[in-house]
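Visitor: These protein sequences, in sequence, are chains A and B. Numbered according to numbering that gives the first Met the number 0, the first sequence spans residues 0 to 280. Numbered according to numbering that gives the first Met the number 0, the second sequence spans residues 0 to 340.
Just so you know, the hints here were simulated from the structure itself, not pulled from any lab data. Keep in mind that this is a model prediction, so the values were computed, not measured. Watch out, some of these pointers could steer you wrong.
Unchecked claim - Now the in silico label distances, taken between C-beta atoms and shown as ranges:
| hint | chain 1 | residue 1 | chain 2 | residue 2 | range |
| --- | --- | --- | --- | --- | --- |
| 1 | B | 258 | A | 238 | 34 to 44 Å |
| 2 | B | 313 | A | 44 | 34 to 44 Å |
| 3 | A | 139 | B | 316 | 21 to 31 Å |
| 4 | B | 313 | A | 137 | 20 to 30 Å |
| 5 | A | 197 | B | 224 | 42 to 52 Å |
Unchecked claim - Okay, the calculated bits of chain B under chain A, using three or more residues with CB under 8 Å as the criterion:
| hint | segment |
| --- | --- |
| 6 | 163–169 |
| 7 | 205–219 |
| 8 | 322–335 |
No residue lacks a Cβ here, since even glycine has one placed at the ideal position from N, Cα and C.
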Amino acid sequence: MRVAVTTFLLAMAVGIPAWGATEDESRWHDLRESLFGDRQIHEESGVVSLEAPYRAHDAALVPITFEAAFPQTNERYVKTITLIVDENPLPMAGQFHFTEASGWAAISTRIRVNAYTHVRAVAETNDGELHMAKRYVKASGGCSAPAGKDPEAALASLGKMKLRRSDPVLWGEPNSAQLLVSHPNHTGMQMDQVTRHYVLAYFVDSIEVRYGDLPVLAVESNFSLSENPAVRFHYVPDGPGELSVRVTDSDGAMFARAWSVPASVATAPVGEEAAPVNPVQ
Amino acid sequence: MHNLVEEPEIRDMLHGMARESTGSPGSRTVLRVQAMTAWLWLAAVGAVLGPSPTGAADAIQLKPVAQGIYVYTGPHTDASDSNLGAVGNVAIVLGEQTVALIDSGGSLEFGLQLRAALEEITDLPVSHVINTHVHPDHLLGNGAFAGPTVEFVGHRRLGAALAARAEFYLEAGTRNVGPKFAGTKAIGPTLEVADSMHINLGGRVLKVTAHATAHTDNDLTVYDRRTRTLFAGDLVFVERLPIVDGSLKGWLAVMDDLRAVPAVRVVPGHGPASVRWPSALHAQERYLQALLRDVRIEIAAGGTIENAIGWVASEERSKWVRFDEDHPRNVTASFTELEWE
Chain A
0 MRVAVTTFLL AMAVGIPAWG ATEDESRWHD LRESLFGDRQ IHEESGVVSL
50 EAPYRAHDAA LVPITFEAAF PQTNERYVKT ITLIVDENPL PMAGQFHFTE
100 ASGWAAISTR IRVNAYTHVR AVAETNDGEL HMAKRYVKAS GGCSAPAGKD
150 PEAALASLGK MKLRRSDPVL WGEPNSAQLL VSHPNHTGMQ MDQVTRHYVL
200 AYFVDSIEVR YGDLPVLAVE SNFSLSENPA VRFHYVPDGP GELSVRVTDS
250 DGAMFARAWS VPASVATAPV GEEAAPVNPV Q
Chain B
0 MHNLVEEPEI RDMLHGMARE STGSPGSRTV LRVQAMTAWL WLAAVGAVLG
50 PSPTGAADAI QLKPVAQGIY VYTGPHTDAS DSNLGAVGNV AIVLGEQTVA
100 LIDSGGSLEF GLQLRAALEE ITDLPVSHVI NTHVHPDHLL GNGAFAGPTV
150 EFVGHRRLGA ALAARAEFYL EAGTRNVGPK FAGTKAIGPT LEVADSMHIN
200 LGGRVLKVTA HATAHTDNDL TVYDRRTRTL FAGDLVFVER LPIVDGSLKG
250 WLAVMDDLRA VPAVRVVPGH GPASVRWPSA LHAQERYLQA LLRDVRIEIA
300 AGGTIENAIG WVASEERSKW VRFDEDHPRN VTASFTELEW E
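Bound-form chain B, shown alone (with noise of 0.2 Å):
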């Protein structure tokens, strides 16, 4: 799994450049040449990203994976007090005149640090929070940058679907995360996409697509063609077990869809701050097709959904971080949906 992680291209940020590793997945040796520059450029980072201003004990590292781009990379645990519900990755898109946040976290006070590491990076204000999906962890940090110039741009089905779950994970926030996940707000879509839509940050133009019912009913992916980096939020897993909010078959055919990208990288939505692409999709794929192929085989059998989650993609256990705590539901989600086949 290590081998698919990309490292931090040093050298075509400190030269504003779009070059490409094509180093086989594993190589490092890329990079050794620029070792030295690359510890002067990460001290520089870190001496100007500081210690959070509230003085959390965990705060908000922004990792440099393209000229302009920067991720936070969320944990693979449940949502709490120590990660302030920010279990996903969260991406920071640098234009000549806006910036862009794909994903916002998963409370207001996470939103908050994320806005104070952000403005020790850029003065530039913030133009678009393009949220991916619903899921809480993605979401739940966009009261930090609510205001008269940003719009929040969604899927065309997320505002129901916040509508719909808002309270519960409010809820839910409230218990993992405890105090701090204190005026923490559901804000919804204000730019709504259906199909496709470029956003333009000056110099550098984004391009937005909603896709059919996969991870959820409501995923987004973004795309910056200047560096070639897909942000697949939720569509894409590493390292973390992929949830199935949505649609299996539908996920499945998405990612057929996406594999057509011409990225070299990915952003996934868990997992490393960048990862090769498409060598990213090939875990995930491989617990998909073994969800369907196995599910599938217990309803040929006539078989039931606790029968299932006792042996389908059992294989799969030992390669995926969360295993136990996620495959369970993926099972019963993938059953409910192919018994209808």
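Isolated chain A (complex conformation) (with noise of 0.2 Å):
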């Protein structure tokens, strides 16, 4: 509690925004001891940022953007990135897993949202202290919102995945990606009026990004991303290798599939979408 006091003082003290000081905390204040116990947490440190719009479009694709605000070194850098969602039936809406093969800790990403809520991004540095960056969202319904436009289209390419990737590749320097899953991402909040049951929440877990041996990216996750979960991420090649990608879902299936980089000439484009290589049921 004490904290808290200080840190509203503070924050009255140094004129964070207005939004920022008054919308409803409650929830998180029970959230933050069950995630992060007593840990202090340090707001608007300076050590990450997070871009969301104060009034989203669709409540069930509200672009986000989080990333540590400082460079990347082997001697201080973000390891973790929680994203936290106060209002929505899973607060908890990911795990960010950082090395230094990732090279900037830096995720955009399209979450829905279900009530005007804070969206919070909680960076654990790898000295182990907790830094966050706050916005409030207006947005409802994300959760809930009917599924998909097209759900035969949906199922024909359940688990296909696409990168995107900026290029030329500079080696030995963060270079940004883009990850598309094409998974429906059901909520289990939606309802099938004949059956009147739930549709039953499904939707990917996990998503791990490997530059050759090396970890980029570990995404713990649920439905709180959009339909067909977007994640741009950083990554550092220390020359050509293989960019390799691995998704599970909540029924316990697998894809996986790499990209060769730079992309040679007698394979497939980086970018074009492609069969999962490995769909395991």
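Hints given; two lone chains; assemble the complex.
Guide: This is the structure in structure tokens:
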């Protein structure tokens, strides 16, 4: 309690915008304790930044970006960012784990927002400190909104992946890439009116990205990510190699795919959609 | 935009013929000589329609657009208490034995008022309620027409789409329309169209065609050969910004198919009661092509949805009603479709 009060006073003193200080924080107080115990969380300390629209156009697809706000070095870097949507049915939307081969702890993705809420990015640095950035987002109904525009097409493309990456490749430096995974990411809050049953929750629960043998990014998530999860991240290629992705979902299916960097002429161009290499049920 | 609007062809209706105006867009001279008879005729229609039996402030106006065809035009607003959720167009087609309804408005109350207005025009029974797609402003009036002799006609995918969305739509209707939404139910198809189907109303045969994913994944169109009238549902928007809730590329492809329909007029899902065909497509095609072009540019540049919303097709802003409200979602939908190319 003392920490919260101190933080609040500090926020007032340094002139944090009013919307940041006045929206309801009650749910966060509970979440904070269950997720981080009594660890101190530094707010708006310049370690992590978060961008989200104040008013979302589509509650089922709210674009957000969160990233380390300082240069990443082996001595000091962000190793995990936890994304929290206070008012969602599962407030912990995802954990994103970074490594030396990430180069930069920076993620852009799209989330569902079920009610007006704070969205928070809590970054853990390698020295074990916690730092938070937050934004208030006005959107509602993102979890109960009807599923997909074309369910037949979605079923036909389940598990397909696409990678878009910056070009040309910068060796030894952080390069950006975006992974798209075709998956309905059902929330379990969408009702089938005929059976009067809810459609079962069915979502991507993990994404692992490697460059060669080195882990680049590991994501644990749930249906808080929008349909067809999209994740923009960074990776550091030390030379030509292979970017590989392994995705699992809540039904235990696994989808894997790899792309060569830079794509050789003989292989499919990077970015072209393809069937999963190894769908396992 | 207004020069696309076709005037009612009163002469044809009086004589029960299907002669069509050939005036160029914007020409209104064709009607001048019929002005006197038109006034008499419209006055008669107004008299028989009379006030709504429920006493609602906005009595349902049915506008004659061709022989045996009447259209209610929905306002370009959100669903509300004053429009009973009926913000899309509804058409009534009279055969010699039965009547077909094309869409039914946005609530049971609207459906009941529509039914009362219809009964002032004809004693013939409604045999078919054809729902052009799943959206609530086109379908939630179905309940007013339910009965053992009425078929609800829909795309083969309409049932599944409605199952997934009904609860959401009913909640939104309760919220937006208020107490007058009471009793509204989501009634799905009893007759499903996989490809195409003919519906005989006695002396008048309607061709119903199911389309690939476009505005939604369950779009139907209806064609009346007798008057060469196409009922496009929301595959054609006029004045009000088109909504992409299916597939942008699919919609453009379906528009190519539709262009071949030898209609002289279209009853759009949103817009005036009757518009010249195929010129009614021009504005919509221009907008959707601009979306396609600009979103592809944003994606090719490695850009984002947020950035795309800021500039894509911005030259279209002054040309549509509800651009600010609905365009950002169209950009989002188009982006998430096209990024898989």
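Visitor: Against the structure, test the hints numbered earlier, and report the numbers of the ones violated in rising order.
Guide: Violated hint (a single one): 1; every other hint is consistent with the structure.
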